[in-house]
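*Asks:* Both chains are sitting in their own frames, so use the hints and assemble them into the complex.
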Amino acid sequence: MSGILASMIDGLLIGAVYGLAAMGLSLIWGVMDVINLTHGAVIALGMFGMYLLFAAFPINAYLLLLPIIAAGLVLGLIIYWTSVHWVIDRPQLASLLSTFAVNMIIIGIGTAIWSTSPYNVNFVIRGITIGAYTFTGNHIAASVAAVLIALALELFLYRTRPGKAIRAVADNREAAELMGISSTMVLALAFAIGIALAAASGALVSTLFPFTILSGAGYQMKSFVVTVLAGLGKPLGALVAGILLGLLEGAVTPFIAVSWIPLIEFGLFVVVLVAFPKGLFARATA
Amino acid sequence: MIFRHPVFWLTLTFAGLMIAVPWRGNNVSMREDLILVAIAIILASNLNLMIGYTGYVNFGHIVFYGLGGYIGLYLATVRGWNLVLSALLAGLAVSLCALLFGLGILRLRGAYFALATIGILVAVQSFVSNFDPWGRSTGLYVSFDAYQPLGGARRALWITYFLVIGVMALSMILSLVIKTSKFGLGLFAIREDEDAAVVLGVNATVYKAIIYSVSAFLPAVAGTLMFYKNGMIDPSIAFEFMLSLEGIVMLMLGGKGTVVGAALGGGLYEKLRSFLLTSPKLSNFHLVIAGALLLLVVLFAPGGLIGWLYRLVPRSEKVIE
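Protein sequence lines correspond, in order, to chains A and B.
Positions 1 to 286 (my numbering) are the ones given, in order, by the first sequence.
Positions 287 to 607 (my numbering) are the ones given, in order, by the second sequence.
Honestly, I wouldn't trust all of these hints.
[What the hints assert, rightly or not] Distance windows between CB atoms, simulated:
| hint | chain 1 | residue 1 | chain 2 | residue 2 | range |
| --- | --- | --- | --- | --- | --- |
| 1 | A | E154 | B | G452 | 30 to 40 angstroms |
| 2 | B | D479 | A | F276 | 23 to 33 angstroms |
| 3 | A | F135 | B | Q434 | 58 to 68 angstroms |
| 4 | B | I523 | A | I125 | 35 to 45 angstroms |
| 5 | B | N516 | A | A257 | 21 to 31 angstroms |
| 6 | B | A482 | A | V147 | 44 to 54 angstroms |
| 7 | A | D89 | B | L598 | 20 to 30 angstroms |
| 8 | B | D479 | A | T82 | 26 to 36 angstroms |
| 9 | B | R422 | A | G3 | 23 to 33 angstroms |
In case anyone wonders, no lab produced these hints; they're calculated from the structure.
For each residue, glycine too, the CB sits at the ideal point set by N, CA and C.
Extracted from the complex, chain B is given alone in its bound form (with noise of 0.2 angstroms):
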């Protein structure tokens, strides 16, 4: 069961932080700072649905966070619906998406599979910005009078940082889910060895497709929930193809294929780029850090933290997923 897990236990009492401790001293700018923690989280743990369970390199997971951006402020501004309905139409829209999408690009493999999906998030990109509804390439802008249905714009804003602190958690709780259940065993299967999986009867192609969806679903709906808060969205910064390699670096930092290296990568990534980017000396440099470190990774400890914890602590492996 699920709620014996300690990881589930943990994913709770870290959302129940998130939430208290802002809250509690009134604290804005911590709660802004978390906000952006808690986005790179659910991207991270989402991406690692693909890259880490399945092993399938997606360097565009950013198009679900943007077009669920695009589509649910569409639906909460210009159509004036219910920002949590709006929200998870976006995120069933945009895992539909996925789904044609994937049943066509999942048939590649490797290096081709990840090139195709470049090519998706730049044809994306390029048709949100001539598509007239969404304003093109000035995007959408969200005006004072949508957030009175919340009560105002400032309990709007806890609002939806509560909302997306809920997000993150679920998140992490549908990586735990998948990861000990017989469909992520399948994955698994996928990732080691494709034929092999195929001929033990794992129906690749089905699974794929339905992983690819499903890792699409909570970041359209954080997408919706983000830029909601943030008052406006452009193809630009919805569509940001270096947030989404972030997204990789994030995973592996962490430990690709775990539930909380995962969250562990997305969360101190974060907090080392804004620690880099306010800082005077070094805010030139941050790119050149994170690619060092990146580097430093991939060469040295392909299993990120999580992983160097298991060798260090042989047992971790059991309890820490």
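Looking at chain A on its own, in the form it has when it is part of the complex (with noise of 0.2 angstroms):
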């Protein structure tokens, strides 16, 4: 039973990252209604972010987490004006393509510079350890940075005057362009931050798994289950939906092969899409 208890809390602990991935692709699905294919990419970009960084400073990974988000928002604001902004008013399949598009070409420079062989990060906080089980140390900072990043990008859509802006965008665009708000310079930075947002989750990641340049692509499927789950637009919801991922995970790796928690995540997916297509936290509107 404990042993359970020990999954769960471990899945908890991973869970918090998962939502801080999903919350980029949340933000700029909700904001501007453009699905980032871009994102698995980036997070992959984030990992061997922090890898070259670490290798450089040997300081406590976390604190480069900070350079790698500032990264984050540069190329956040290139990926926007080279293959976004020009699609953002064309039917969905436009931007879909266009930022799959800058995903093979990330991929496809990352292959050709690194391979496609792992790497890791070889970064370790001494664990907490509880009777017969160890908490890694590394597991419990990865979570806490997340729900503090998590936060702080909360604090900044309610309590800021850019992020007030951001929010009213996403409400409703001819309104908020009527209020004197300049809707391409709030896109661009909403598309930003959830740029850095992902590469903030790959940095974290890499801190707790081997990684390739195409490890990437399963946080981005991880990210679409955890963003419809929550709802599109709700970045606290978001990291919410993750942690409940990352719990399921721990709670029924010990039951059955590993191999066979996707088939239960996409198979929730697709269900939860069908049937509660404005995710779980919607709100019952008139």
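*Replies:* Here's what the structure looks like:
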């Protein structure tokens, strides 16, 4: 019994990182109705960013999140102006394809540089041992970092003028423009933040597991699941749904082979999509 | 009538050439190149029925090909049934699955549908990777004896090649028939404005489920033939997400919604990819080049090659579907 509990606690810790990854996807989707298919590639870039930075500056890896987030913001602006801005008012197929094209370019360059062999970040924080179970320090630190970043985003969206502008544009772009908000600037900012969140989550994952340039795809899939569970444009909901997904994984791992987990997750995903297209946390609206 | 349509005769000529040219010279390496082109055209043409005609993005189209390959290969090798019969049964079984899935997920629109198709792809792949009769993650192998009913491996490879070309021609003709039918007009109406189409009496639910199911049939048949020819199948090559996405690139490149465009894009992209993959300098960058190409097409030429032709020679729109 306590084995399941330990496995669930570990799942909960990793789930916070899933949640952070999904927040980036959810923010972009909610604000500009674009499904960002560069998400997985950016997560992978975050992993390799952490790998390179840690190799250059072997300090506490979690401090290196700050330059990674800054680089993510810049990368987000670049992606926005090359591939998203021009298709934002076209049918959704256009933005799906243009972001997917950028995804192919990033993965292609990454494969050429790092091939597809695994890398890892060799940074260990001592864990906490309770009875027969040890919770590794990295899992705890990564989940704390994920929650802190999530709370910072929430404060930004609800307490600052640019954050409120993002929410206004998400609600109704025309009305926001009539109130004097430059929607182009706001969209670019929201996209950059979404990309920075993806990069940060990738950097956190790189301190937990070995990774390849293709690892981002799996986390992108999980982000879709989490985003749909939470409903669109609800970043804090995405964090909660991510933790739920982690808990679910932790709870089933002791009973079945790991290879069955994708079937459970994506079966759940399709069922939730069809049964609750607005997410599990949607309020009943009149 | 379909027989009066120039594209019908164009398709037959094209298929005839693809059969005759490698066969006359007994050119095996050309045959292996062309079979990949044919598979690309089959996938792009059938994907076109969903994306180009109906306006629904299917990211998981490859699931039909892989599942068809598994069912057909299982029947043809483990059960020892006739290859053509196995392929047709695989097609029917996958179409039926698609109909059931479709009735569920086609209630979703736009991006939600696109995501659900990814969900189905991953779920099916995960199921097959754990399914004992199909060899879990190691997959199925075709023993050498399985080629005996077709007169040995050498003949069997040529026969499967001809069958794949046949499926390719059927895919293009199917696209043409649907495009020129009343059913096709209903699909276009759904693509342009689903709510308006429903008001005008198009039964959108039934139309979408039927086209989703139809777009599954020929890829599943082709999957059986192709994996039979390759002699093996495993979950990672049967359900390759990348190939699913490359199908979309092919379609955009040629011009979505057109019969010739889907075939042209499929053929050209496959040629480009094999050129890049075999070129020593560029093989590392084939994804980068394909991605840049896709980005340019999406941003600057959303109609693809055929859309560009229509703009250049407006009269061509009457002839080339």
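*Asks:* Run every hint past the structure and note whether it holds.
*Replies:* We went through each hint and held it up to the structure:
no., hint, verdict
1, A:E154 <-> B:G452: 30 to 40 angstroms, "violated, 59 angstroms"
2, B:D479 <-> A:F276: 23 to 33 angstroms, "holds, 26 angstroms"
3, A:F135 <-> B:Q434: 58 to 68 angstroms, "holds, 59 angstroms"
4, B:I523 <-> A:I125: 35 to 45 angstroms, "holds, 40 angstroms"
5, B:N516 <-> A:A257: 21 to 31 angstroms, "holds, 28 angstroms"
6, B:A482 <-> A:V147: 44 to 54 angstroms, "holds, 47 angstroms"
7, A:D89 <-> B:L598: 20 to 30 angstroms, "holds, 26 angstroms"
8, B:D479 <-> A:T82: 26 to 36 angstroms, "holds, 31 angstroms"
9, B:R422 <-> A:G3: 23 to 33 angstroms, "holds, 26 angstroms"
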